[in-house]
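In order, the protein sequence lines correspond to chains P and D. For the first sequence, the numbering used here assigns the number 3 to the initial residue and increments by one for each residue that follows. For the second sequence, the numbering used here assigns the number 3 to the initial residue and increments by one for each residue that follows.
No lab work stands behind these hints: they were computed from the structure. Note that the coordinates shown come from a computational prediction; the quantities given were computed from them, not determined experimentally. Beta carbons are placed, not taken as given, at the ideal position from N, Cα and C, and that holds for glycine. Please note: incorrect hints may appear among the correct ones.
[As the list claims (entries may be wrong)] Below are the PhoX-like pairs computed for lysine-lysine, each with C-alpha atoms no more than 25 angstroms apart in a straight line:
#1 P:Lys128 <-> P:Lys143
#2 D:Lys182 <-> D:Lys72
#3 P:Lys128 <-> P:Lys72
#4 P:Lys182 <-> D:Lys143
#5 D:Lys128 <-> D:Lys143
#6 D:Lys182 <-> P:Lys143
[As the list claims (entries may be wrong)] Sample of chain P residues with no beta-carbon within 10 angstroms of chain D, all distances over it, derived:
#7 Phe62
#8 Phe71
#9 Lys72
#10 Trp74
#11 Gly80
#12 Ala134
#13 Tyr146
There are 2 protein chains.
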Amino acid sequence: MFRDLVLRTRSIRRFHEATDIPPTTLRGFVDLARQCASTRNAQPLKYVLSTSRDMNARIFPLLSWAGYFKEWGGPEEGERPAGYVILLGDTRISQSFETDAGIAVQTILLAATESGLGGCVVGSVKRETLAAILSLPEHLKILYVMGMGTPKEKVVLEPMPPDGNVRYWRDAEQVHHVPKRGLGEVLVGAFE
Amino acid sequence: MFRDLVLRTRSIRRFHEATDIPPTTLRGFVDLARQCASTRNAQPLKYVLSTSRDMNARIFPLLSWAGYFKEWGGPEEGERPAGYVILLGDTRISQSFETDAGIAVQTILLAATESGLGGCVVGSVKRETLAAILSLPEHLKILYVMGMGTPKEKVVLEPMPPDGNVRYWRDAEQVHHVPKRGLGEVLVGAFE
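Please take these sequences and the hints and turn them into a complete structure.
What follows is the structure in structure tokens.
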């Protein structure tokens, strides 16, 4: 059921790095994402994939993980993504990408969950360096880098605490907890 | 299978207007959307729902439908949405909403398909008038209005034509055709 798929789809930041992702799997995710709704059907998103260990090792140091964990430098060796989906915006097609990008990343994350994979959408990226590594032409702008792999962490949702602190946290067992606003808070009106 | 759900999830602009949407169905969609990934987990999205015929009739004239159909004023009476999901951005929480909004609308559209419903994300909205009708406080900004209902049109995907024209079109049988860029066009690099 779709509800179950959505609830199981959490941002995953630690992976079984040695478990390869078949390249066709990531290609399948992009093939799905390209067929989703797009603002004015412009379809300005482009993609670069990596399941190569060499390229993965060059991409990883350009990402900042979990902004709320100031003392965590991101996943350790052995727990890093086994692949990446890099979302690009083609400025020859549009100047506005974010809603399309949201549609695409959610589609890819949901497809990943169904395949036993998981991922995290990273927005804090050393874009200039990555663009150089990928030899991207000027008109392709890096939007997000999705780190993908077989999940090696447990993530659970929590009700928002009374103080409204949205920061996720890890418990002593390394379970990752994510507070979410309740339905009563986000649903501000209903004409029924 | 998730792939099938994604491919069946098309933007729908004509509905069986007389077929009511149970209010709990739309509430369920919002309940799913609120539990999805959110940038920095800030969760700045808020929602207003309408399944009331009176309110629906006030919302409908504020929307522009299908920008590429210059001669079509949107769905006729009897084919209009049976409900609306209005996405708001809470500027007290964030100033940037679009990626979160993309995640939310895709989640809602996919959930709708599974429930036998469909919808269209409308970005061309008379926002000031709608904000006044809804008595929205200043800090809630209207992002999108999703028209929802039981689909009364067939939508099919097409390969992109050689001239690269992204405009959707309707054939003589009123089937709605949507050209999509091929995988070879959107996948600009793969390190495998």
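Now the hints, each set against the structure:
Between lysine 128 of chain P and lysine 143 of chain P the alpha-carbon distance is near 12 angstroms, which keeps this suggested pair within the 25 angstroms criterion. Distance restraint check for lysine 182 of chain D and lysine 72 of chain D: the Cα-Cα separation of roughly 21 angstroms lies within the 25 angstroms cut-off, and the hinted pair is therefore satisfied. For a cut-off of 25 angstroms, the pair hint linking lysine 128 of chain P to lysine 72 of chain P stands: about 18 angstroms separates their Cα positions. Of the supplied pair hints, the one linking lysine 182 of chain P and lysine 143 of chain D holds, its CA atoms being roughly 21 angstroms apart against a limit of 25 angstroms.
About 12 angstroms separates the Cα atoms of lysine 128 of chain D and lysine 143 of chain D, which keeps this hinted pair within 25 angstroms; it holds. Simply put, lysine 182 of chain D and lysine 143 of chain P have alpha-carbon atoms about 21 angstroms apart, close enough for the 25 angstroms limit, and the pair holds. Every C-beta of chain D lies more than 10 angstroms from that of phenylalanine 62 of chain P, the closest at about 13 angstroms, which supports listing it as non-interface. With a least beta-carbon separation of about 12 angstroms from chain D, phenylalanine 71 of chain P lies farther than 10 angstroms from that chain, consistent with its non-interface assignment.
A cut-off of 10 angstroms between C-beta atoms confirms that lysine 72 of chain P is not in contact with chain D; the least separation is 13 angstroms. In this structure tryptophan 74 of chain P is separated from chain D by more than 10 angstroms, as the shortest Cβ-Cβ distance comes to about 15 angstroms. Interface exclusion of glycine 80 of chain P from chain D stands, the closest Cβ pair being 20 angstroms apart, more than 10 angstroms. Every C-beta of chain D lies more than 10 angstroms from that of alanine 134 of chain P, the closest at about 13 angstroms, which supports listing it as non-interface.
Non-interface call for tyrosine 146 of chain P relative to chain D: violated, since the shortest CB-CB distance, roughly 8 angstroms, does not exceed 10 angstroms.
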